[in-house]
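Starting from the given sequences, assemble the full structure and let the hints guide the process.
In the order they appear, the protein sequences are chains A and B.
Each residue of the first sequence is one higher than the last, beginning at 1 in this note's numbering.
Each residue of the second sequence is one higher than the last, beginning at 1 in this note's numbering.
Hint data in this document are derived by calculation from the structure and do not stem from the laboratory.
Small disclaimer: the values here were computed from a predicted structure and weren't measured.
Glycine included, every Cβ here is placed at the ideal spot set by N, Cα and C.
Watch out, some of these pointers could steer you wrong.
[Claimed, not checked] Quick list of in silico lysine to aspartate or glutamate cross-link-like pairs, DMTMM-like style, CA-CA up to 20 Å:
(1) B:LYS11 / B:ASP38
(2) A:LYS2 / B:GLU59
(3) B:LYS70 / B:ASP56
(4) B:LYS53 / A:ASP96
(5) A:LYS45 / B:ASP98
(6) A:LYS45 / B:GLU99
(7) A:LYS45 / B:GLU27
(8) A:LYS79 / A:ASP96
(9) B:LYS53 / B:ASP73
(10) B:LYS57 / A:GLU3
(11) A:LYS42 / B:ASP38
(12) A:LYS45 / B:ASP38
(13) B:LYS11 / B:GLU79
(14) A:LYS2 / B:ASP38
(15) A:LYS108 / A:ASP77
(16) A:LYS42 / B:GLU99
(17) B:LYS57 / A:ASP77
[Unchecked claim] Counterexamples of contact, computed for chain A against chain B with all Cβ distances above 12 Å:
(18) ASN22
(19) LEU64
(20) LEU74
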Amino acid sequence: RKEVEQDPGPFNVPEGATVAFNCTYSNSASQSFFWYRQDCRKEPKLLMSVYSSGNEDGRFTAQLNRASQYISLLIRDSKLSDSATYLCVVNGYNNDMRFGAGTRLTVKP
Amino acid sequence: DAGITQSPRHKVTETGTPVTLRCHQTENHRYMYWYRQDPGHGLRLIHYSYGVKDTDKGEVSDGYSVSRSKTEDFLLTLESATSSQTSVYFCAIRRQGDEQYFGPGTRLTVT
Numbered sequence: 001r002k003e004v005e006q007d008p009g010p011f012n013v014p015e016g017a018t019v020a021f022n023c024t025y026s027n028s029a030s031q032s033f034f035w036y037r038q039d040c041r042k043e044p045k046l047l048m049s050v051y052s053s054g055n056e057d058g059r060f061t062a063q064l065n066r067a068s069q070y071i072s073l074l075i076r077d078s079k080l081s082d083s084a085t086y087l088c089v090v091n092g093y094n095n096d097m098r099f100g101a102g103t104r105l106t107v108k109p
Numbered sequence: 001d002a003g004i005t006q007s008p009r010h011k012v013t014e015t016g017t018p019v020t021l022r023c024h025q026t027e028n029h030r031y032m033y034w035y036r037q038d039p040g041h042g043l044r045l046i047h048y049s050y051g052v053k054d055t056d057k058g059e060v061s062d063g064y065s066v067s068r069s070k071t072e073d074f075l076l077t078l079e080s081a082t083s084s085q086t087s088v089y090f091c092a093i094r095r096q097g098d099e100q101y102f103g104p105g106t107r108l109t110v111t
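And the structure:
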């Protein structure tokens, strides 16, 4: 079993839609959680950290469920520019960061 | 902009040849990382450094070595490249907490 698992998608949604991604992790001792965004043939860029109480940044909301060991990312009012691959990142058993394989999102006009 | 550059950005090399990739940072961060990214696997850690001359192995370190003689430079060497090392290589630095910021990547093809 992979340490961090994501639904690969692709998710194809119309502009203005709300879309949610989930990510599960296996290390119950993990303390750090992030969502990154990666555009095609580019480097991953930090989208947001995920805090225990949940956090919001504009149209983006991240939540952590420690009991079920998953994190989620909600995107409201999707824009064409949100089209990208979203990577879930969790610190792993050796305290290094473990990346999910990513979920691809395409927002269509 | 995280102040990280990687060179070369693209390289094609033959099986069995040595290859060195360079990562350069301008912000004096202590921690630096090398990852590879392959379809279906996400990013996997190859090696990391926690200071000058201080390095450690990651998840997929076989066939790779690293060196860090200056804070700003972290080198990744493939002693004898194999086709399985065809990949995109990303360097990263760590800022506050565990937040990592990535360089633009190097596309390596081993023929």
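Hints, one by one, checked against the model:
1. As the CA atoms of B:LYS11 and B:ASP38 are separated by approximately 16 Å, the hinted pair is consistent with the 20 Å bound.
2. The hinted pair formed by A:LYS2 and B:GLU59 meets the criterion: a straight-line CA distance of about 12 Å does not exceed 20 Å.
3. As the CA atoms of B:LYS70 and B:ASP56 are separated by approximately 16 Å, the hinted pair is consistent with the 20 Å bound.
4. Under the criterion of a C-alpha separation no larger than 20 Å, the hint pairing B:LYS53 with A:ASP96 is consistent with the structure, at around 19 Å.
5. Simply put, A:LYS45 and B:ASP98 have alpha-carbon atoms about 14 Å apart, close enough for the 20 Å limit, and the pair holds.
6. This hinted pair checks out: A:LYS45 and B:GLU99 have alpha carbons roughly 10 Å apart, not beyond 20 Å.
7. Between A:LYS45 and B:GLU27 the alpha-carbon distance is near 17 Å, which keeps this suggested pair within the 20 Å criterion.
8. A threshold of 20 Å between alpha carbons decides the hint, and for A:LYS79 with A:ASP96 the separation of about 33 Å lies outside it, so the pair is violated.
9. For the given pair, B:LYS53 sits about 11 Å from B:ASP73 by alpha-carbon distance, which is consistent with the 20 Å threshold.
10. Taking the CA atoms of B:LYS57 and A:GLU3, the gap is near 18 Å; set against the 20 Å cutoff, the hint holds.
11. Taking the CA atoms of A:LYS42 and B:ASP38, the gap is about 13 Å. The hint holds against a cut of 20 Å.
12. This hinted pair checks out: A:LYS45 and B:ASP38 have alpha carbons roughly 17 Å apart, not beyond 20 Å.
13. Taken as a hint, the B:LYS11 and B:GLU79 pair is honoured in the structure, with Cα atoms around 15 Å apart against an allowance of 20 Å.
14. For a cut-off of 20 Å, the pair hint linking A:LYS2 to B:ASP38 stands: about 15 Å separates their Cα positions.
15. Between the alpha carbons of A:LYS108 and A:ASP77 the distance comes to roughly 12 Å, so the proposed pair stays at or under 20 Å and holds.
16. With a C-alpha separation of about 18 Å, the suggested pair A:LYS42 and B:GLU99 falls inside the 20 Å cut-off, and the hint holds.
17. Of the supplied pair hints, the one linking B:LYS57 and A:ASP77 is violated, its CA atoms being roughly 42 Å apart against a limit of 20 Å.
18. A cut-off of 12 Å between C-beta atoms confirms that A:ASN22 is not in contact with chain B; the least separation is 15 Å.
19. Even its closest Cβ contact with chain B, about 14 Å, leaves A:LEU64 beyond 12 Å, as expected for a residue assigned away from the interface.
20. Separation of A:LEU74 from chain B is adequate, the least Cβ-Cβ distance of about 21 Å exceeding the 12 Å criterion.
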